[in-house]
Structures are given as structure tokens and as C-alpha cells.
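Trainee: Generate the whole structure from the sequences, applying the supplied hints.
Spelled out, the chains give:
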Amino acid sequence: MKILFKTLGFSLALTLVFSLLTYLMPQMRGEAPVEKVVDLGSLTMDDFVAMGEELYNNKGTCTLCHKPPPLGRAPDILSEDMVAVSAERLADKGYQGEAKDAAGYILESMLDPSRYVVATWGKKGSNDSESPMPAVDKAPIQLSSMEMDAITAYLQAKDGNEVTVSLPTAEEAAEVASEPAGGAATLPVPAASAEEAMAKYVCVTCHAMDSNDTLVGPGLVDVGERLTAEEIRQSIVDPNAVMVEGFPAAMPADYATKMTVNELQMIVNFLAEKKG
Amino acid sequence: MMICMQKKLLPLLLLLMLVGIAGVAPAANPGMGDVAERIAPVGRIQLAGQPPLEDESEAAAQDTEKVEAKAAPRPTRSDYPDIGISSRAIVWVLAQLHLFFGALVLAVPLFVLIIELVGLISGDERYDDMAHEFMKISLTGFSITAIFGGSLTLALFLLYPDFMSYMMSVFGAQLLVYASLFFFETFFLYTYYYGWNAFRYGNLKWVHLSLGLMLNASGLTIMVLANSWATFMMAPSGVNEVGAVVGNIWEVMKGPLWNPINLHRFIANIAFGGAVVGAYAAFKFLSSSDPQQRAHYDWMGYTSNFIAILAFLPLPFAGYWLMAEIYAYSQQMGITAMGGILAWLFILQAVLIGTILLAGNFYLWAGMSRTDGSVRYKWLVKYIALILVVTFLIWITPHTLMLSASEISQLGGTHHSILGPLGIMPAKNVAVNLMLIVTFLSFQLYRRSDKVATVRWAPAGNALMVAIYVVAIVNIIFLGVYYGYFTNTVYKVGSSVAQVVSTLVVIISGIVIDTLMFRNAKTLPSHWGRISDRAQYALFALPIAFTWLMGLMGYVRSSVKTHWHVYTVMKDNSPDNYIPTIAYAGNMITLVTVLFLLCLLFMFWVANLSGSRQPKPAALGEGA
Amino acid sequence: MEKHPKMGIYSTLLSVVIAFVVVLVFFYGLNHLIMGMQGLPLNLDLTPAG
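Chains as they are written, first to last, in our numbering: chain X, 1 to 276; chain U, 1001 to 1624; chain B, 2001 to 2050.
Some hints could be false.
Just a few of them, taken from the derived set where beta-carbon distance is under 10 Å, the chain B residues facing chain U [stated by the list, open to error]: (1) S2011; (2) T2012; (3) S2015; (4) V2016; (5) L2024; (6) Y2028; (7) L2030; (8) N2031; (9) I2034; (10) M2035; (11) Q2038; (12) T2047; (13) P2048.
Just so you know, these hints were derived from the structure itself, not from any lab. In this text the structure is predicted, and so the values were computed from the model without any measurement. Cβ coordinates follow ideal geometry from the N, Cα and C atoms, glycine included.
Mentor: Okay, here's the thing in C-alpha cells:
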């Protein structure tokens, strides 16, 4: 019996030593992200930039990898002027993405990180052709397009550069508010290419793609010549903001709630290429 | 001749008649072809005034229409049942205890089979008896595993119904396969154990060994099936972004983490099993006063420690592979584990591993008192101890910490200027490889301590062995320091593979050289049982540290999914969807360790109970 | 075969030296092999190549 007590006592004591060690360590609780309600009616650009900074440090989980060397597993964004860096990258011969400006480049880096992999940061063995960064608009990060715009604004503003993203519109606010909650809903499969997306949203019923003929809306054969990518995006997301003279306000205004960010991006890129 | 012809002709004639009747008969009744065909246009009767029947072809078309893929459910907080106690705590306790006992009952038959085989080959029946004894003491463990498994299942269905319904829909019939395996395992377990003495010699012995092999096979299959559920939750495969199943069951099971977990758990189970039965042996040793009994249990304890340490040596590499796959699957998940909120946990893991290695080594050094020949090697022990302590200190030095602003200014930066560099992987890899090499050295010295080599090339063999140790150690340090601190990331990571291989070279060459060199060796006297009582406590430290380590790693496995039930696919919306603090986890792990200890005591007590018989009281002896 | 008494120490020293040389070469080759297998070539002085 004595042996039992001695051995059991020793075992329990050792167990408690390990338990005690856990009390000596810093205590942190890993909270799940909470869906925040943003009052977009009164959002200023400064607020938007601050929102971007907050997202960068928290929900976006960017700081997990984007840290100063030697720790960082991704380029140290905060210490670089991202607008200047974006310009360099866009001018790089090896750049094969579709962005045209800093905002576009930053957004592309979030949506499709492998489009352009900064030298030496690629996945081991992929010779810098594949990025280890996850797509930010997908799980587990799942930022909305408005949140990504906020981060873009922050990255532009932090070095004193001009912010070229626009504040979220009412439609985008509606998109955030109407996040489906609960239920085993069957979700439609997102389009995988620009052509598929344009077929899905039946753009061709109103717009001729290969000429300037008017069907209901303007022909789009040279829309990339006339409008910037940002203006094209605005025309889709907020068609009534800038109307072409002589055309009725017939374009659906709810594409922003229906399209996935990727689908919108693909359509914008496609149209931006159309130069007649 | 006519009769023969008649015999052949008759069946032919009958056949012709049948064909004729069959062929002619329909013609004889016009309009009597295939029944369904004939009534098809009017096959369905519809009474006047009734609504028209659904067109059958349309319904069939709908059936063959592609079934819309079903996404993972998204329960709200109120969808989770609340029984007043933290659901996660309940599942944590049941799951961890199930895993402890599951590991034990998978491991024991494995080394029992090997020991039985060793006994057969060597002809020494003591091995066979020890194998039998190992089985006896762990037999109750199978029921205990099942009890906790059943309770766990019930708790999961009760407390996480949406999650479980999703998992059922993903894994489908695989669950029935899992259940059916228990029939096989039970059959082989009982025939293997209860048939031990009945199938003892000759061909029957081989039958017995086959039963043991099948027991291991069913157990291993059970484990890998269950592992697929856990790895699916961490790194789902075979499903799309919203959780709808798009692959077959093989694609669902064979995710990126499945085989790393299979290997890691397989090896770790063996180490754990060895440690647990070692505690039994130590206890029996301390409780006996009979020298023969003490000698028996001393030998048993040594064998258990041997199994535990031997299986422990490759374990860090299996763990490294698992971690590498986690990083490859999701850099975020990897960093959460080792560079983010769970980083301190791995320091605790380092402490536990250090405990295991120190205890294992200490037991080997203490065991050298059994042999007179060990005196030649005693001088090395203090150097091994020194290396172990230094490498242990390096192993537990942290690097990436979550610091507050005041802590940063106190530290003079985000990392300590001197100790910081000791915290990153190259230093830790150097430390762990050296710890394993010197542990193997303790092993090798112990094994040599009762022998004197008689082969002519012994001096050359020893020179070679010394050279291998020295060069391997220097190589490991060089690889770690040079590639770790003076080249880029890719070379740094790649050098760790070379370090592992260097360690394996030492281990393999040590085993080969010793086997060859000590053939027909002169044996020196050794005395089983001649070991201090104090050393037996090392055999308690081992399973305690192992158990606590398993619990800790379970906390990591679950927390690394952060707020997801199934990572990126099904969010956890329960009240417990946060990663608990490490102190809370420590309390839970200590709780399950204590519960495990108590169940283990019960298991051992029952094993001893079956062998005892109450003597008949004298009063009832006479007459009656 | 009788060993010359003085040769005793030298033969031990020789075998130790030979053992070290053999093992050093072995580990040097091992480093090249293992690093090369992972697509991380080394120069002759074990510095990263290219």
C-alpha cells in the first residue's frame, strides 16, 4: 500500500509540475472573429483607412506572415511604400497580371497571389511560380470586396500616397448586411471565367460586345479605350452614378450583391482589355 | 448401333419439339407477344374524372437530373444544445481518454507479437511468458477504450448534432466499415489471448502468431479510419469550398495530413504503450521482496523502457513531417501553431520531451549497476548528461513571443539579443538531433556493458564507431549553424533533413556494428534486480510525461483549427468557439491525466485480481 | 601473425585515422546527396551553389 501511495504521489506531483508551468506562461484566448456592423452612411476616407488598418492587423490576419525579416514569411509590406513598389512590379518584365495601377495590383495580390510572386518568397520548390499566400476572399479569411478595398486604401494612405479606391456605396453596404445566416442553403457555383460570368449575368442581352451598336445599353467593343478599370467597375456596381447621355436608367443596380468579387474582377479585366 | 443413334437422337428431338412449340405457339395466338409491350399504350388505367397521371418519363428524367450539392450546415449559436456544462469540456475529456486507451491497446499487441516472435526464435520461453503477461495486464483496456468511444459518440451526437450530421454525410458507409472492424478485432483479441496456452508449440504456435498479426491489422485499420475524421477536420479534402462532397470516399480520407498523422500516431502509440507497461513493471518491482520476482520485473521494466525509447527516437521526425505538411497545406495554420498564439505551447512540449529523454537516459545509467562490465563506460555518463542538459536548455528557449509594448522595450527589441537566435529551428534541430544521438549512446553503452567482443576486428570496429559519433555530431552542428544562420530559408529548411539522416546513420550503423561485433561475445555476469529503487521512478516519470504530452498535442490539434469545426468549410458557432488559454488547457490535461491514471490502476488491479484466489477460511474447512 | 610490440599503438592510431577519414568523406558525400536530392545543390566547399 505504501508503494502505491509513493508512486501515485510522485506521478501526481509530476503532473502538477506540468500544470503549474502552464500558469507561468502568458495567457491568451483566441477569440473567433465577430461580424462587425459598419455604419457606411457616415464613413469618411480617414475612417475607411483606419478600418483598413484594423482589418490588416486583425481579421485579415496579414501580420501573421507579413513581418520584418528574418521572421517574415512574406514581404514586409508595412515598411515599404506600396504604391512605389506596385509601380515597380507592374513595370517588371516578368509581371503577367492584369492590374493597371497600385490599387489594382494590391487587390490582385489579395485575390490571386500567385499571379505575381515576389522573388524568393515563392513556395519552396516552385521556383517562385507559386505563392504560399492564401486567397483573401476565400475561407478562412473571407474578406469582402469592401474590406479588401479598405486594406488597399490603408496601404496607399500609410505612406502619404493618394487613395484611389472609392468609399463603399450603399449597395456594398447592403451586401455586407445581407450575409446569409444559418441553414444548409445550396449555393450557386461561381463562374470560373469572364465569359462564363458574362453569360451568367446575361450582359449580352443589352450590350453588344463586338460593335458599337446600341441594343439597350452602349456597345462595349472599345470600352477599355473609353473607361478606366475603375470606371468600368463603377458602371457595373453602381450604374446610376455616371450615366452615358441618351441612355435610359435600365441597367440592374444589384450586381454588387449578386456577383462574387472574383466574377466582378474577371468581367472588369475582360472589359478593360476591349480596345476596339 | 441403332440404339446408340436413338439415344443421341432422343434429346435432340425433345429439344426440337420445345423450340417448335415455343416458336409456333405465339404465332398460333396472334396478338400474344410480350405482355408489357402490348399493354404499354394502355398500361395505365385512369378513371374518368381523375386528374391525369404524372408522365413517368418526366419523373425519371428528374431523378437523373444532377443532384444539387449540399453545403456544410451553418448552425447559429442557438442551434447548439446546452446542457449546463461546457460541451467542449465534456467531449475533450471523453475524446482524450478514448485516445489514451486506444493508443495503449493498439501498441501492446504490436510489441507483444514481436516479443512472442523473439521468444519463438530464441527458444527462451521467458519472452513468451512476458508477452503473455503484457497481454493480460492490458486486456481490460480494450473494454475501457470501447466505453469511452461509445460515450464520446453519444456526447458528440447530443452536443454537436449539426456537425455530426455533416460528418456522417461526408463519410457515409466508411463508418459502417469502421464499426464492422470491431467484430474482427474482438474475435482476434479473444482467440489470441485465451488461446495462448492452447496454441503453444509447433504449427499451432504459428496459428497463434497469425491471430496476433490479424489483431494488429484490425487495430491498425481502425486507427487509420478514425484518423481520417480528425485530419478531415483540419485539412478537408474531397469537398468543395462550401463543404459539398465532390470526391469519392478515398479522396475524402486521403487528405494531406492523413498519412503524417497515421505514421506519427503509429510510432507514438508504441512509445506510449511501452512507457505504460513499464510503470506496471516498476510498481510490481517495488512491491516485491522476493529476489526472483524483482529480477523478473526488473527485466520487464528494462524491456518496456527499451521499447519506449526505441520508438521515441524516430518520433520527432514523424512530428516534423506532420508540421511540414501543415505548413504546406496552410501557412496560416502552421504559423498559428508555432509562431502565433500556440507558440508557447511548444516550449511546454520541449519541457515534456526533455523530461522523457532525461528519465529514459537516467534509467539506462542506473541500470548499468546490473552489470560489472559497465564500469568501463561510467566515465562517459557525465558528458552525456552535460550534453543532454545543454541541448535541453536550447530546446526550451523560445523565440517568437507575443509581447506587449513594455515587454518589447524591456527586452530591447522583439527578440532577446543573445538567446533569441537559440530559439529558431536550426538551433532546435541541432539540439534535438544531439539529444537523440546521446540517448542512443546511452543505449549502446548499456547493451555493451555485459559483453566483451571477441572478434579480431573489434578495435577497428570501435574506431569506426567513435568516428561516426564524432563526425555526425560535428556535421549536425555545422549543418545547423552554417545553413541555419548564414544562408537563405530554403537551404536552412533543407539542412534539417541532412541532420536527421546523420542521426539515423549513427543509429543504424550502431546497431549493425554492434550486432556484428558482438557475435559470440564473451558475456560478463549481469544481475537482473540489482538496480536502485530510485531508478524505478524514472519508469513512472516516462508515462506521466507521455500522457501529458499527448493531452497537450490534442489541445494543439484542436486549437489549430481556430474557430472552425472543419477548417475553411464549417464554422464553429458554439459558445466554446474560442481557443482556451493555456492555463485552462493545462487544467484539462491534468484532469484527463489523473483520470487516466485511475482507470489504469483499475486495469492493473483487475489483471492481478484474476490471478488471485481467496484461501478458504478454516471454519468452513471441516465436515460439511 | 605476431604484432611488433611498438606497432601496437601505431596500428590503433592508424585505424582511428583511417576511420575518421572514411567517415568524413562519407558524411561529406551524404551532405551533397541529401541537399542535392531536395534541389539545393552545393559547391565543393559546401556553400550553396547557384
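Trainee: Now tell me, hint by hint, if it's right for this structure.
Mentor: Each hint, compared with the structure:
1. Satisfaction of the interface hint for B:S2011 is found here, the shortest Cβ-Cβ separation to chain U being roughly 8 Å, below the 10 Å cut-off.
2. Interface hint status for B:T2012: upheld, as the beta-carbon distance to the closest one in chain U is roughly 6 Å, under 10 Å.
3. Nearest Cβ of chain U to the Cβ of B:S2015: about 5 Å, under the 10 Å cut. The hint holds.
4. Interface hint status for B:V2016: upheld, as the beta-carbon distance to the closest one in chain U is roughly 5 Å, under 10 Å.
5. Taken as an interface hint, B:L2024 checks out: its beta carbon lies about 6 Å from the nearest beta carbon of chain U, inside 10 Å.
6. With its C-beta approaching chain U no nearer than about 9 Å, B:Y2028 sits inside the 10 Å limit, and its interface hint holds.
7. Residue-level restraint check for B:L2030 holds (minimum Cβ-Cβ distance to chain U is 6 Å; threshold 10 Å).
8. A distance limit of 10 Å between C-beta atoms decides the matter here; for B:N2031 the minimum to chain U is near 6 Å, and the interface restraint holds.
9. Interface hint status for B:I2034: upheld, as the beta-carbon distance to the closest one in chain U is roughly 4 Å, under 10 Å.
10. Evaluation of the B:M2035 hint against chain U yields a held restraint, the C-beta minimum of about 6 Å falling below 10 Å.
11. Satisfaction of the interface hint for B:Q2038 is found here, the shortest Cβ-Cβ separation to chain U being roughly 5 Å, below the 10 Å cut-off.
12. The closest approach between the C-beta of B:T2047 and any C-beta of chain U is roughly 8 Å, which is under the 10 Å cut-off, so the hint is satisfied.
13. For B:P2048, the interface hint holds, since its Cβ comes within 10 Å of a Cβ in chain U; the closest pair sits about 5 Å apart.
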